[in-house]
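Visitor: Below are the chains, spelled out letter by letter.
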Amino acid sequence: MDNTVGFTIFGGLANVLMVLLIAPFCQGVLRKVTALIQSRQGPPIRQAYYDLLKLLGKEDIESGNSPVMQRFAVYLSLATVLAISTLIPMGFRAPMNGQGDVILLIYLLTLSGICTLLAGLAAGSTYSILGISRQMMIMIALEPLFVAAIIIGAIHTRSFRLDTVLHGSVYVNPGFPWSGLIMLIVMLLSFQAFVERIPFDISEAETELMEGPLMEYSGPKLAMFKYASMVKLIIYSALFVDMFLPWRLGLAGLLQWPLFWTKIFVLVLLVTLVAATHARYRIDQAIRYFALLLAAALAALVLATFGY
Amino acid sequence: MFNKGKLNALKKKFGAALLRADMPGDRRLFLYVEPSALKEICGYIFNVLDARYVTSIGVDDRPFSGSFMVVHDFAFDRDHMLCSILVHIPADNPKVDSITDIVPAANWAEREMRDLVGIEPVGHKYPKRLVLPDGWPDNVYPLRKDLRWDHVPEDFDEDREFLFDEPPEGCIVVPFGPFHPTLDEPSHFRLYVEGEMVRGCEYRGFMVHRGIEKLSETVMSYNDINIMAERICGICGCVHSVAYSQAVEAAAAVMLPPRAEYIRTIMLEIERLHSHLLWTGLACHILGFDTMFMQSFRIREPIMNIAEKITGNRKTYGLCIIGGVRWDIPTEIHAEIRQALDKLEAEWRPLVASVSRDKNIQKRTKGVGVADRHAVKNTGLVGPVARAAGVDIDCRRDHPYAAYDRVDFNVITEQGGDVWSRLLVRVREVFESIKIIRQCLEKIEPGPLHADIKDELPVGRLGLSSVEAPRGESHQFVITGENNRPRRWRVRAPTYQNLQGVPMMIKDQQIADMTISLGSIDPCFSCTDRLETIDLKSGVTRAWTKDELQELALKMRA
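So the protein lines, in turn, are chains W and H. If you read the first sequence in this note's numbering, its first letter stands for residue 47, the second for the next number, and so on. If you read the second sequence in this note's numbering, its first letter stands for residue 11, the second for the next number, and so on.
Treat the hints with care, as some may be off.
Said to hold, decoys possible - Sample of chain H residues at the chain W side, in silico, Cβ under 7 Å:
#1 191
#2 297
#3 299
#4 301
#5 304
#6 370
#7 520
#8 522
Just so you know, these hints were derived from the structure itself, not from any lab. Note that the structure is predicted; figures quoted are calculated from it, not measured. Glycine included, each C-beta is placed from N, C-alpha and C at the ideal position.
Could you put the whole structure together from the sequences, leaning on the hints where they help?
Guide: This is the structure:
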């Protein structure tokens, strides 16, 4: 297969479909495992699909300050994460490689966060405004971490191409990959925040902000947002696997696919475990924590420029 | 034992202003004083004799003595003495000196007195409405004897919006409640927020006030009220029922058979167990730690089963009658109770160990929602909130009732005064409760379940009772009356005082800490509001409007 238009289109579509199909499954696994940890029986794994269907079938209520913006935010949110899924390799090489580079990826990731801000603004209640102000603070602290990882990869490989950077590029240097290992630890420690799960679900915090930006959402729009959040979990897991766990263990072509998804599942289980054993942090505590990670990431960046 | 010296000191200092001192037994004191000296005497008792403020009660005593009555209750915890300061207020000029500038804890109780009985606390700094909605007309006082229990004034406007205070400069208002996922019952805090910091708040509650005190004085009988008292709260109902029974028993000098005392003790401790386990779960849920929430509820389940085994109900035991109890705890199920306790202890110990090592929970609770000794004294805070601030009070030891004087237990205290200390106090009290129930099962004696009451209860006697609920002291005041019902019954649930401490706890804290600070007092709004629940008929699903329900209630009475 070459870099043909056909591969780009079909590969991209295949990624989107795969993500849409598997994301609720991962959510179902997450809920089931959480239930088992909590001595509950838990819903069947397919419950996540039912929930989406149920919500999609409900009445579409226009509410909040600005219903048009509300609708726009939710479409944009799902569209953004799906667009990202066409860009990153998921067991095969990235389908849309020629059409974008890592800078586009960074933009899109930021955009998906901005959708939450739009949603909160559209709701316009005090709680959603509080939610988005927290979301904003988290975004400002988190984005540089991911950017640092990408830049380290770019420095090592001297390229901004997606498939080059998104393939364990952080470890690619002649000596011992110090900067890559530091970034691996930083990303692991901040992963819960990227996928917005406890202890870092601060901007939604049900028991404090009543879901914050999402509070005015219901029915199909809520389904879309939930879907986007499930997809986000997969997207970030995939990015993590691509950048930090690229090893193919010498498996042949087709076997790459199950290997990739196994890695994703392991990450999802890790997220579940951490979420089930922690209490939520307060925003100031979270920001202080991110600041430490940011310092480490900057150190890694400096190391990378000196070739470590 | 109460130091007679304290009484003599009072007599010497105030002389003629002390009209009368009654001491029925050595654990109760009723002081009748001159209205003009009331404030000074309360100040002396509160500050110099270092008594703890409990509550204030307004009484419409006009049909009997021709005057209104104001009662301030204090507790001398070290001397095992509950004390009422009583004044008679002329019927044509129902005014009394407010004691709030000396005893800030009297804030709510005096406002309630003003709302419901129409006794004006002169000099109260914040005489805003507390219990009655803003649409209720002035000059109609529900607890006055000349008002029928079902009277609704013509000009009552139930849709009138509350009048709120202006927020301070530079703050936005974040409405917390009446409906919020962490509030199980309606209650409204208007938080004044600057960025993420809470700078102050205004509280409006009593949205489900149903006036059960009025009902008890007009339509119910002594033993009916037991059933209603239990429905004040869904968590600690047995506490209120026991406290009420004890107040009546104290007033009428009814002696309980020992077996009944042991059974009351066991049920009260079972209630504390389930309540503390429930609280630990909910507190963790508020912090987003749902695993601990689920685990505590799982561990709590056998306790609920035991309660069901003994009384037929998981909650709302229907245990108390005046002079005894309704249910026996037969020897056959002792083994089962012991087994449940062993299981609970075995499962609770590792959980407590892991929670007390958890840095994550400590980060969210240490230094949060602090109420120090000073605040405890001034706001009259009780229960785990007081004990977490190092104030060593516990009605079970200080004002022993039921069989608590025959069992051995420790009063758990901590020094931090923050949410973390309250958590530690509660989780460790679970072990003390287990200890108490085991001793009771050991010591319980055979005998009758209730006293044989042959005569009408005497009229016009005063009764006080304090019971240590899981959340703190439930204090009740009773004046016995005619027609087999009390003249006045006043309930002061623990949350009534603890809730008054919340504005101070959340001031200058992050808004994220609001929910856990409020949660840490284990708030029970229905206790405070004194709610009466009405069950819908099962089977046919039907939505009742409020008016229909009212009509139904009237029909059932007729």
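Visitor: Next step is simple, just say for each hint if it's right about the structure.
Guide: Outcome of the hint check:
no.: 1; hint: 191; result: holds (6 Å)
no.: 2; hint: 297; result: holds (4 Å)
no.: 3; hint: 299; result: holds (4 Å)
no.: 4; hint: 301; result: holds (5 Å)
no.: 5; hint: 304; result: holds (4 Å)
no.: 6; hint: 370; result: holds (5 Å)
no.: 7; hint: 520; result: holds (6 Å)
no.: 8; hint: 522; result: holds (5 Å)
Figure legend: structure checked against the earlier numbered hints; every hint is met.
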